[in-house]
Structure formats: C-alpha cells, structure tokens
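Engineer: Here is how the chains run, residue by residue.
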Amino acid sequence: MILFALLLFGVVAVNVAVLRAHVAVSRLDDERAKLESRNQELASSLSAVDSAPRIEAAARRLGLIQASEGNTSYLDLTAGGR
Amino acid sequence: MKTRVVNSRLRLLLLLILVTFAALGARAAWIQTVRAPSLAAMAQTQAKKAIVLPAGRGTIYDRLGNPLAIGQEAIDVDADPMQIADPRREARIAARVLGIPFRPLYRQLSDRSRGFVYVRRKAPPRLAAALEKRHLVGFTFAPDQKRVYPQQTVAASVLGYAGTDNIGLAGLEQQLDGRLKGTPGSAVVVRDALGQAVNTIQQRPARDGRDVFLTLDSHIQANAEQVLENTVREWHAKDATAIVIDPKTGAILAMAQEPGYNANAYPAATTRNITADHAVTDVFEPGSVFKVVTIGGALSQHDITPNTPIRVPGSLHVADRVIHDAERHGFETLKVKQILQRSSNIGTDIIAARYLGESGLKRWMYRFGFGRRTGIELPKESRGLMPSYWSGSTIGTVPIGQGVSVTAIQLASVYAAIANDGEWVQPHLVHRVAGEPPVRPRRRRILDRGADVQLRTMLKGVVSDQGTAELAAIPGYAVAGKTGTAQKPGPNGYIPGAYVATFVGMVPASRPRLVVLVTIDEPHGQIYGGLVAAPAFEQIASFDLQYLEVPPDLRIR
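Those protein sequence lines, which keep their order, are chains A and B.
Add 189 to a position in the first sequence, counting from 1, and you land on the number used in my numbering.
Add 1178 to a position in the second sequence, counting from 1, and you land on the number used in my numbering.
The shape of chain A in the complex, shown without the other chains (with noise of 0.2 Å):
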C-alpha cells in the first residue's frame, strides 16, 4: 500500500515538473517573439533615425552646409608622393 502510494506520488510529481517545463518553454518561446519582434522595431527606428534626409535635414537647421569638393584635401602617401 506505501509502495503504491510512493509510485503514485512518484508519478504525479513527474507529471508536475513536466508541465512546469512546458510553462517554461511556453513562456521562454513568448519571451524570444517579444524579444524579436523588439529587435525588429529598434532596427526600423535605428534606420530611420540614421537616414540621410533625416540628418542633412537636422545639420541644415543647425547652419551646417555640404562640403564643396574644391575644399576637401587628400594626402598622397604612395611612394614618392606629397
């Protein structure tokens, strides 16, 4: 009769952590979509917030203007160069 009663409690106590793992796994699954699906949404904000209109838009009203390409030096380091 206690040997039932233990397989019986035995039985029942795997049949708990079971379902304790699948609430976990569940959960971790909720958890990895949120997880994405926030990846994502910072991602499009990120590239919104680093596009090129965005930007030019935000320096012109600081007073900021393009540099002409008659003032941008480059230095020749090959061989020889100056």
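It is worth saying that the hints were derived from the structure and are not from the lab.
Among the clues, some could well be false.
Simulated DEER-style distance windows between Cβ atoms [what the hints assert, rightly or not]:
id : chain 1 : residue 1 : chain 2 : residue 2 : range
1  : A       : Ser257    : B       : Asp1481   : 24 to 34 Å
2  : B       : Arg1627   : A       : Leu224    : 54 to 64 Å
3  : A       : Glu230    : B       : Ala1454   : 41 to 51 Å
Here are a few chain A residues that face chain B, going by a calculated C-beta distance under 7 Å [claimed, not checked]:
id : residue
4  : Ser226
5  : Glu230
6  : Ser236
7  : Pro242
No experiment lies behind these values; they were computed from the predicted model shown.
Note that beta-carbon positions come from the ideal geometry of N, C-alpha and C, so glycine has one too.
Chain B: place on chain A using the hints.
Structural biologist: Chain B only, in chain A's frame:
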C-alpha cells in the same frame, strides 16, 4: 380515506419522475447515438480553429546594412459573431481600445450569420494586448507581420511594396517575392466554451523568408533624390531620373526618381501614377548620348581614329530628311573627336553611312544591348524600341539617337561599359540573398580594346569649355561624358516644346569609379542636357566622390 389520497398522489409523483427520467434518458441516448457524430463535429469546429502562422518576410538591407524594408510584428484581431452575446458592449470596448470606428464594427459583430469577421488587421501589438486583457468572448488574436519602410521616401520605387497579405506587389518586393516571403506554418488553436484560446498546437513551423542585401547605398540614393527634387523644381520639369553605377562591378549605388513618394503610403501613390520605376520601364529617345554607339562602333572596327578628318557640310540630305547641326555652319573639316565634342549630327551621320551602314549600325546597337533587357532585378523592364522598318532616312536619324527609344538603365550600362575598358557588366541591384552565394553579373565585351580609351578621351573633351557640358565639370576630377537633348515623340510626330535633357558621365575619367546618368523630362526655360542635366550630374557626382573618398585625378589650382 385520507391515506389513500396521499398514496395515489405519491404514486402519481413517482410516475411523473419516472417519465421525466425516461424522457431524459431517451434524449441522452438520442444525443449519444443518433446525433453524436454531427454534434461532435460541431463541437470540434467551435473548440478548435486552424490558423496560419505567418512567415517573417525577409529584410531588405542597403549595402551598409541599413534596413530599407523590414517586417514588424502585428496582430490580426478577429471575432466569431455567433459566440458574441452582447455585440454592442463588445464593439464599444474593441473600438475604444483599438481606435477604430464603433458603428461598422457593431454591424459586423451583430451579424450572427457569419462565424468570422476581421475586427482589425495588423493591429499594433500593444493595442491588441490591451484588448486581449479584456477577455471578450469570441475574440481571437492571431500573429501577423506588417511591412515597414523606415527610410520612407528613400528608394521607394526600387523597393516597391508588399501588400496586406505580405505579397510583393511592386519593385524588388515583387521580383524577389519568392525569396522574401518564406513559408507560412500552421497551428490549431483550442478554445474553451467562452471562446478563449487555451492552447495552441503547432503543426508545421513557419519558415522565415531570406534577407536580401542590395548594392544600393541609402546615402548616395537619398542625395540623388534630393538633387533631382531641386532640379525638377528649378526647371519646372515633369519628372527626372538618375542612376549611379559602379562600372567595374555593375553594382547600382542609386536609382532615383522625382517625383518620389513615401513607400509606406504606396497605395495612395499608385493613384498619382508615380510608383513605376522610370529607369527600367520608361523609354525615351536618347538623342546625342546615343552617338557613342555610332562612333564607338566605327572606332572598334578600326575604320576611324579620334583624329580622322571628316568633311562636314552645313546640312545633309538623307532621303526625304534634311539633317542640321545645333549651330549653323558652312562646310568644315572636323576631326572625329571634334564631332563628338560638338555633338555634330551631320558628322555622326556621315560616319554611320560611310563606315557602318544599316546592318553595321543594327549590329552595334544590339552589341551595346539596345533592344533587349539588361536583366536587372526589377519587374516590367522594357526592351526599348528599335526601328521596325528602316526607310531611306532611318540611317540619318538612328545614328544621332532619333527614331530609337531606350531605357535609362540601358544607357547607363553602356556608358559603364565604356568606363570599364569596353566590357559590359550586367547592372544589378541585389548584392546577395542570405544563404546564397553573391550575385555574379553577366559580362561581355562590347568595344575592342583601345576603342574604350579613345572614346573616354574624346568624352573628356565634351566636359570642357570647347564642349557641350562645361557645367558637369568637378574641381579636381577629370569628367568624361555626353549630353543629349531630344524632342519627345507623340502620336502625331514630335511634341512641340517637349524635350528630354540628358547627361551621362564617368568620373574620375582616368580610372572611372562612377557612372552617373541624369535625365530631366520636359524642363522649361532651358532644354539642353548641358544646361539642365549636367549641373545635376555635377552635384550628384561631387557628393558621391567625397562620400566614397575617391581621390582627385587632377591637381586643383
């Protein structure tokens, strides 16, 4: 006496109870046996519902890894009106939480003849979660994806659009739909008697679509769009197109057009008819930019050199047509390089007639890729229009880019071939698709070795004070290019006052890193490619050279 009455009443009560139980038993037996299969099936459909698990659509990145088209999580909220007892209350709550009009929703939820209605498709997850917490009977929440174009107007016509069902409807979204869309999965949602989802049994997992990495550079693209916007405004033009291409690889760094639109508002833009990729779908008479085909062909055949003298009359009769140059002149002797530099129609026609003829010109046009698609990864690419019938005057019009129609991408790829030592490289927008090897563009030799250098040298003369495109000059860099000013054909001949101004150039001319094409459709005030399109080229190329840190090939004084 009294006892007998009581007993008979008890017996009657007992009989009633027995009859009731018998009736219940018979009903139970009827339900359990005769009605069992149909009721079980009904219960099954009410408790379980098969749903499609959407596949994540692949992200489209530019060459720097900036997402240009990305999928964002969204929730499809639907309802089963048959399960809704108080449609007014539920419609009021759902309308308030989801921010949608109450009346249409109430009408939908009241219609008990339907077992499924969409409450809101692609709802923001935050709003859907808020509604889910209200535990409304009969409401279901299914995951979905919404396509977002975070840079809005940048490369809108190239990217195209993926619609409500995440199917590509235009542009790269349409052309690459098979790779981007992935494979949806399936699952069964088990609901309780109140319609609440209690379990989701996944049957087939969704397989996400593949990411696509483009050759486009969002900064070069955005700058080209900005320059076109300013140019169209300045010349009150109808529209404009620009292409920036790396001649060595055929990689397209920018494909811009004006008017542009916000890619997230594609459906509204279609009503304005501005969503087509003009650079690949529209054809136009190229005018003088086409002269490189005639002169390049004759150079490649070694019939002429840049210094070959040609006697050029003031006008030239070709069958029933009289060909003139833009500037009136008498008989003069011009070298081939001067013919290209001054864009002489008569000189070019003489070269065509003397060294190529009809068959030679046809052969060279085909070799340069006109009359066939480039194979760029965009839908509805036009082949261009070659003359179907060669009359006596055709040999006087085609060599100078009249009576023939080309796409901007065909023209840009031809100049890229001249810049790339005479080898044509297929222009392409896709660098690679995730999980696949990088794209290997087709290559073929167009010009004989040496002819490309001669052509480039001659085209440098065009961007000088002696040529037609002085305004295309960039301090510190040698620019080679060609202007074109062509009248637009209509159903009844050429349209008076309607022109397409073009400039195609390569820079630095000594070792070209970029080929930039600009076409301005129907400019007003000025019509010439050298005055309208060349400055736009200069602005686009100047920015790109700095941005790509291309060192100058000339000394700045």
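Engineer: Confirm or reject each hint.
Structural biologist: Hints and how they fare:
1. Ser257(A) - Asp1481(B): 24 to 34 Å: violated (43 Å)
2. Arg1627(B) - Leu224(A): 54 to 64 Å: At 57 Å between Cβs, range holds.
3. Glu230(A) - Ala1454(B): 41 to 51 Å: Hint violated: Cβ distance 31 Å, outside 41 to 51 Å.
4. Ser226: holds (4 Å)
5. Glu230: With Cβ-Cβ at 6 Å, under 7 Å, it holds.
6. Ser236: Holds - the Cβ of Ser236(A) comes within 7 Å of chain B, reaching about 4 Å at its closest.
7. Pro242: Check passed: Cβ of Pro242(A) comes within 5 Å of chain B, closer than 7 Å.
In terms of the numbered hints stated before, the structure departs from hints 1 and 3, listed from lowest to highest.
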